[in-house]
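For reference, the chains in residue letters:
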Amino acid sequence: MKIRRIRSDLLASNMYLVAEDSGVLLIDPCRAFDLPETVRPDFVFLTHEHYDHISGVNLCRDRYGMPVICTARCDERMGNSRTNMARYFEAFCRMQVGLDAEVPADFEPNYVCRADETFEADKEISWRGHRVRLLLLPGHSPGSSGLWIDGHLFSGDSIFARQETVLRFPGGSAVDWEKISLPKLCALPPDTIVYPGHFDPFPLKEWMAYL
Amino acid sequence: MNALNEYNRIFRETFGVSEDALNEDFTFNGVAVWDSVAHMSLISSLEDAFDVMFDVDDILHYGSYFHGIEILKHYGVEF
Ligand SMILES: [Zn+2]
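Going down the list, the protein sequences come from chains Z and L. Under the numbering used here, the first residue of the first sequence carries the number 1, and numbering increases by one thereafter. Under the numbering used here, the first residue of the second sequence carries the number 1, and numbering increases by one thereafter.
Derived by calculation from the structure, the hints in this document are not laboratory data. Here the structure is a predicted model, which means the values were calculated and not measured.
Computed footprint of chain Z on chain L, listed as stretches where at least three residues anywhere in the stretch have a Cβ under 8 Å from a Cβ of chain Z:
hint, segment
1, 26-40
2, 43-57
Across the chosen pairs, the derived CB separations fall in these ranges:
hint, chain 1, residue 1, chain 2, residue 2, range
3, Z, Asn110, L, Lys73, 21 to 27 Å
4, Z, Lys2, L, Ala32, 41 to 47 Å
5, Z, Glu117, L, Glu19, 44 to 50 Å
6, Z, Arg162, L, Ser36, 17 to 23 Å
We put the beta carbon where it would ideally sit given N, CA and C, even for glycine.
From just these sequences and the hints, can you work out the full model?
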């Protein structure tokens, strides 16, 4: 299994390609990327509904015919440009300090998209011989989740190496985070490597030590 | 709906403050909890409650409790 990261031009969010045999699964696709013709685009997984993580969803479906999977709350909220934050993206970027705050001129303030398949409870699927766990991780947003495969966790904006999880965006919840998501993350194998929605990968242990 | 009551409720809930704190000192630059993340929450709650859609410039210049009332008046909200 191979993992490749592509940084988007929207707050430098991370898109990931996970490849096995000739199949590829995409996580949080961004607006501009190309897949080689020799790969089979299997499916798209979304970690949460925020615009910087879903900007390539419509492209994936139109160009590659890929089904899109995410939580039911994520699906519902990304169908509205207020709850997926596309409407506030420019203002937020211009107020941000510390992140690459260039606002691309062609970003879409009215962007919306929908999923093809949703889940409302933790779920296991199999993909090209791998056991894939989809975990609800509400807190950063109501629709947040993570994908765990063979010791790799794609965590969206739920955890970062040495930074507290941002729980104060519209719809964020400190209570859900503490009751539902934290215990679940702490129960994962400690040698898991985390692939976050921004910045570089890190060992889950490092995050646990920081808690 | 009394607009001022609703306006105050959104500020109290967004920033976790009591009504006494909402005065001319309650500004983006003057209040530590009013950062860019809280700002997005505030703006989206206001848009929801008053059924308005702010221009980007108004979102960026929504810098104080009192100035915000003036901005909302431009969008037809009566206080
Ligand atoms: Zn996010």
